[in-house]
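Peer 1: Residues per chain, in single letters:
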Amino acid sequence: MSLVLENLTKRFGPVVALDGISFTVERGQVFGFLGANGAGKTTAMRIILDILRPDSGTATWDGTPTTDVPRRTWGYLPEERGLYPRLEVLEQLVFFASLYAIPRKVAADRAREWLARFRIPEYEKRRAEELSKGNQQKVQLIAAILHEPDVLIMDEPFVGLDPVNVSLLKEAFGEMRRRGTTLVFSTHQMEMVEELCEAVVLIDRGRLVLGGSIRDVKRASGRRVVRLGVEGDSALPWLADLEGVSVVRPGEDYTELDVRGRDPQDILRAAIDRGERVTQFLIADPSIEQVFIEYVGRAPSEDHHLAEAPR
Amino acid sequence: MSPTLATNLRNIVAVARREFVWRGRTRTFRLTTALLVLTGVGLALAPVIIRFIDRDSTGNRVEVAVGDSTPGVDVPLAFSLLLNAPAAGIPDGSDSTPDYRIESTDDVVGARARVVDGTSSALVVMSRSAGEDLEFTLYSKDPAISRQTQLIRQAASSIAIQDRLSRAGIPPVDQASLFAPPTFTLEPADPNATALVPDSGEAFASSVAISFALSILLFMAIILYGQWVAFSVAEEKNSRVMEVVLAAATPFQLLSGKVVGVGGLALAQYVIVLVPSVVAVLLQDRIAAFVLGGTSAAELPQGLSVPLLLVFGLMFVLGFALYAVLYAGAASLVSRQEDVNQIVAPLTIISVGGYLVASYAGTGLIPIDSPLVVVMSFIPFFSPYLMLTRMGLGVVSPLEVTAAILLLVAFIPVALWFAARLYRSGVLLYGQAPTPRTLLRALRNG
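Residue numbers (my numbering), protein chains in the order written: chain A, 2 to 312; chain B, 120 to 565.
These aren't lab readings, by the way, just hints derived from the structure by calculation. Quantities reported herein were computed from a predicted structural model and do not represent experimental measurements. By construction, the Cβ of each residue, glycine as well, lies at the ideal position given by its N, Cα and C atoms. One or more of the hints may lead you astray.
What the hints assert, rightly or not - The calculated label-pair distances, taken between Cβ atoms and stated as ranges, are:
| id | chain 1 | residue 1 | chain 2 | residue 2 | range |
| --- | --- | --- | --- | --- | --- |
| 1 | B | 408 | A | 110 | 58 to 68 Å |
| 2 | A | 168 | B | 537 | 45 to 55 Å |
| 3 | B | 143 | A | 113 | 20 to 30 Å |
Pulled out of the complex, with its shape left as it was, chain A reads as follows (with noise of 0.2 Å):
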């Protein structure tokens, strides 16, 4: 059971949004969609959704094309917010769900049954224009669940939502994942990815960057990040003397080291033979952050910062 990408190719006039993806999501994964602003993400979902049609290439879900598969299979989650502005939550949620062929009595119970659960039961009468971003994400989101999908796939499910929006959203990932239900998430956001995700795609510029579980991802580059404090003075100038380690970020209580090629107990043991006092040696995985700047060039948050400005 999965949900399996095949050399997918899509232009637009002259734009080439996809080219030759391939990828599979396991039945049951958290699965991470990750890439830069224009990568073809979106893309790729809305082909999954049978929204778009690919230039070339397949989409199945358990062997059967994702355009023959019932459409209450996926549930969706748009980056944009798509809510009827003046309708009132409910009859929005009822209407979602009659799509999919759910009677508008068991609809809107379980819509009512999630307001509630969101915190937000006294919304069901109001209109959508009327509710914060916040809550109109959460609208959202119910009627992406309402119908009981086997793979909700969702565009930037944690853009625009304060601290405790994100953790609500988060425990009702963990309530779907218990279900059983297959989970598709674009985000820029690399935190959600480690904590979230147990697979991930890196996609950049349409073509399939690094692919697999966080921990083959992490690993795939073959560097490991190391942590090292000593006693004393920090600004460890010997380290400049080894091979392929390079400080990524230097502190009074800990340096961060990035290495490639080489053992990380050869700065253990480097610093003991210089007569460093350790008080810190850690061996970590880089971030997905780091990989993610590593082979797509910049950081996955570069969008969100102004550019340099022009001399």
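Let chain A serve as the given structure and place chain B on it in line with the hints.
Peer 2: This is chain B only, laid out in the frame that chain A set:
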């Protein structure tokens, strides 16, 4: 495997239901419906209302100064008879009040002043020329081509002729019978022709008016309700609901549902507006009798038949469906509501074209049996207008009507396929210019 028939139907019904219920509940819809009902009933009862307002008026006063012309006729009586004679082809209401009241006067200066201040509507001054013929001078504020001036001129000619007759020694006869119009019958030139020329001028005028009215009703429905569909598509795109809905339903289901839902509501509004108006027309005479006194019987206006109404109903549904489907497809290309009118303009022009040819054919500016009209009455975009006009004027066989309807029915799935293609390619693209080029490009990419 594409979606099953059951899934298609379910989603079409769900989308249609939403359109129907939510749009029907809006205040705008209720207000416009109420206004249209009032307007419809008001128009239907307009003749009664006008007569009610006029019930106390004694008609326009026309003063006649005979002077020393000594005509061989009772001039005021003759003017009264001639000016108040019912005009051919124009149905006359009850006639308790004559349109014109004739008074003799000797005070020409005073009478002219009365025309100026509006208490009289005209002054006719008569004299006798050296050649012994009667001469008439009309003092009026109306132009030469006005109906009143024309009537007075005709009356003056008749009086002058009678005056010459009596001077020639022919004894004066009963004036009423002298001025009575002769029997005048119009027959088709072709002895085998059936109903090309309706048996009376009144009936012909009525058929023209009815086919004209039906074209207008159809045209308004297509433009107005077609735009409802277009706006509804643009609204969903604007609020980005489209993407959510498209994940759940196919473009085909969405388009069909929208057209069915909006069409159903349009039909409902139509019925709500038309039923009271038709009832008002039918009861017009009774209402008139009640308000104004007198008695009358109700009847359907001439030229309106049950088959014509049935075909109108069918053409309404099919014509709307065809245009609405394409309006929806075109509207899916733009993202702002203000661009909707621009992108659907080519379709609106086609619709206007059909309507114009139909109204020209209906009023005789283009012969109703010209090849242009006949060919266009089978082309799906135009047939709703033209078949209806041809039928209203009674120059079409049932076989032709059936053929036009079947062609229209067969063409709607083609339009639906075409619109779904536009929709799929256009609906997720934002910021496109509302030009025909966008339309063409979307078709190529769809």
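Peer 1: Hint by hint, say whether it matches the structure.
Peer 2: Here is what the structure says about each hint:
1. Separated by about 60 Å at the C-beta atoms, residue 408 (chain B) and residue 110 (chain A) satisfy the suggested range of 58 to 68 Å.
2. Remark: the range hint 45 to 55 Å for residue 168 (chain A) to residue 537 (chain B) is upheld by a beta-carbon distance near 49 Å.
3. The supplied range of 20 to 30 Å is met by residue 143 (chain B) and residue 113 (chain A), whose beta-carbon atoms lie about 25 Å from each other.
The structure meets every hint from the earlier list without exception.
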